[in-house]
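Student: Start from the sequences and build out the full structure, keeping to the hints where you can.
Read off the chains here:
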Amino acid sequence: AQSVTQLGSHVSVSEGALVLLRCNYSSSVPPYLFWYVQYPNQGLQLLLKYTTGATLVKGINGFEAEFKKSETSFHLTKPSAHMSDAAEYFCAVPAPHSGGYQKVTFGTGTKLQVIP
Amino acid sequence: KAGVTQTPRYLIKTRGQQVTLSCSPISGHRSVSWYQQTPGQGLQFLFEYFSETQRNKGNFPGRFSGRQFSNSRSEMNVSTLELGDSALYLCASSFQGAYGEKLFFGSGTQLSVL
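Heads up: the protein sequence lines correspond to chains A and B, in order. Numbering of the first sequence is given in my numbering, commencing with residue 10 and proceeding in unit increments. Numbering of the second sequence is given in my numbering, commencing with residue 3 and proceeding in unit increments.
Take the hints with a grain of salt, since some may be wrong.
As the list claims (entries may be wrong) - SDA-like cross-link-like pairs, simulated, lysine to any residue; straight-line CA separation at most 25 Å:
hint	chain 1	residue 1	chain 2	residue 2
1	A	Lys58	B	Asn58
2	B	Lys15	B	Ser81
3	B	Lys104	A	Thr117
4	B	Lys59	B	Gly30
5	B	Lys104	A	Val28
6	B	Lys104	A	Ser82
7	B	Lys59	B	Gln39
8	B	Lys104	A	Pro40
9	B	Lys104	A	Asn50
10	A	Lys120	B	Thr40
11	B	Lys59	A	Tyr41
12	A	Lys120	A	Phe72
13	A	Lys58	B	Gln46
14	B	Lys104	A	Ile69
15	B	Lys104	B	His31
16	B	Lys104	B	Arg32
17	A	Lys120	A	Thr14
18	A	Lys67	A	Leu57
19	B	Lys59	A	Ser35
20	A	Lys67	B	Phe97
21	B	Lys104	B	Ser53
22	A	Lys58	B	Tyr101
23	B	Lys104	A	Leu65
24	A	Lys78	A	Ser107
25	A	Lys78	B	Gly102
26	A	Lys120	B	Gln112
27	B	Lys104	A	Thr119
28	B	Lys104	A	Thr60
29	A	Lys120	B	Gly42
30	B	Lys15	B	Val115
It is worth saying that the hints were derived from the structure and are not from the lab.
Tutor: If you want it as structure tokens, here you go:
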């Protein structure tokens, strides 16, 4: 079944440094991939969405993700970390065999800590 | 436009009790999904409703049930609560609940079972 794997449950970066959060998908190329962010005591918010054919996907708050078929990866990056980026980030993919309807499989999440 | 509203924000129950959580989707959204979030299992899909019909269900016991009303508002119910049901329950809405559609999440209901 289609799933995503997030490497690193915790990532720490200094303010102003590059943010790199890793996500790899399994099996065949999915038609969609997502990155969601969850700030403390809040629900999830969509950062960006990949659709078939895209390579570099730009999202909100300066984040972007590059789809690499050869590496089965969809890593999330931001050139310069802000204190406000401290949150938990989830990679996600629509579940197969969902009858064409809404059912999403989430990765285990990566908590980003930004050090001043 | 108001976002997804979940009530209550916090709940404390004891084992064996039952609980009902409520979710009001964004106006115009007809699909409502429920997810359970725990530190150990992460985010797990519970079920999805569209036009008062359950279209998908996750791997949860029958103690977990839900329904959707004609105004798209949804409720989920957990009967005979167990300690392991302690979790953040998140509701998400989307326009049609189509495959690959963006989800809009509420802030969740934090359920503690003692």
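Student: Each hint should be assessed against the structure and marked as holding or not.
Tutor: Evaluated hints:
1. Proposed proximity of Lys58/A and Asn58/B is supported: the alpha carbons are some 22 Å apart, at most 25 Å.
2. Proposed proximity of Lys15/B and Ser81/B is supported: the alpha carbons are some 11 Å apart, at most 25 Å.
3. With a C-alpha separation of about 19 Å, the suggested pair Lys104/B and Thr117/A falls inside the 25 Å cut-off, and the hint holds.
4. Using a Cα cut-off of 25 Å, the hinted pair Lys59/B and Gly30/B holds, with the two alpha carbons roughly 23 Å apart.
5. Only pairs whose Cα atoms come within 25 Å are accepted, and Lys104/B paired with Val28/A is accepted, the gap being roughly 24 Å.
6. Distance restraint check for Lys104/B and Ser82/A: the Cα-Cα separation of roughly 20 Å lies within the 25 Å cut-off, and the hinted pair is therefore satisfied.
7. This hinted pair checks out: Lys59/B and Gln39/B have alpha carbons roughly 16 Å apart, not beyond 25 Å.
8. For the given pair, Lys104/B sits about 13 Å from Pro40/A by alpha-carbon distance, which is consistent with the 25 Å threshold.
9. Between Lys104/B and Asn50/A, the direct Cα distance comes to roughly 21 Å. Compliance with the 25 Å bound is thereby established for this hinted pair.
10. Distance check on the hinted pair: Lys120/A and Thr40/B sit about 14 Å apart at the alpha-carbon level, within 25 Å; holds.
11. Pair hint Lys59/B plus Tyr41/A holds up; C-alpha atoms about 21 Å apart against a cutoff of 25 Å.
12. Only pairs whose Cα atoms come within 25 Å are accepted, and Lys120/A paired with Phe72/A is accepted, the gap being roughly 15 Å.
13. Only pairs whose Cα atoms come within 25 Å are accepted, and Lys58/A paired with Gln46/B is accepted, the gap being roughly 20 Å.
14. For the suggested pair Lys104/B and Ile69/A, the alpha carbons sit about 14 Å apart, so the restraint of at most 25 Å is met.
15. Distance check on the hinted pair: Lys104/B and His31/B sit about 11 Å apart at the alpha-carbon level, within 25 Å; holds.
16. A distance of roughly 13 Å separates the Cα atoms of Lys104/B and Arg32/B; the hinted pair therefore holds under the 25 Å criterion.
17. Taking the CA atoms of Lys120/A and Thr14/A, the gap is about 14 Å. The hint holds against a cut of 25 Å.
18. With a C-alpha separation of about 7 Å, the suggested pairing of Lys67/A with Leu57/A holds against the 25 Å cut-off.
19. With a CA separation close to 22 Å, the supplied pair Lys59/B and Ser35/A stays within the 25 Å bound.
20. Taken as a hint, the Lys67/A and Phe97/B pair is honoured in the structure, with Cα atoms around 23 Å apart against an allowance of 25 Å.
21. For a cut-off of 25 Å, the pair hint linking Lys104/B to Ser53/B stands: about 18 Å separates their Cα positions.
22. For the hint linking Lys58/A to Tyr101/B, the alpha-carbon distance of about 13 Å falls within 25 Å, and the restraint holds.
23. At most 25 Å may separate the alpha-carbon atoms for a hinted pair to count; Lys104/B and Leu65/A meet this at roughly 18 Å.
24. Among the hinted pairs, Lys78/A with Ser107/A is consistent with the structure: their alpha-carbon atoms are about 24 Å apart, no more than 25 Å.
25. This hinted pair checks out: Lys78/A and Gly102/B have alpha carbons roughly 19 Å apart, not beyond 25 Å.
26. For the suggested pair Lys120/A and Gln112/B, the alpha carbons sit about 19 Å apart, so the restraint of at most 25 Å is met.
27. Annotation: proposed proximity of Lys104/B to Thr119/A holds, straight-line Cα distance about 20 Å (limit 25 Å).
28. Our distance criterion of 25 Å between C-alpha atoms is met by Lys104/B and Thr60/A, whose separation comes to about 12 Å.
29. Only pairs whose Cα atoms come within 25 Å are accepted, and Lys120/A paired with Gly42/B is accepted, the gap being roughly 14 Å.
30. As the CA atoms of Lys15/B and Val115/B are separated by approximately 5 Å, the hinted pair is consistent with the 25 Å bound.
Violated hints are absent here; each numbered hint is respected by the structure.
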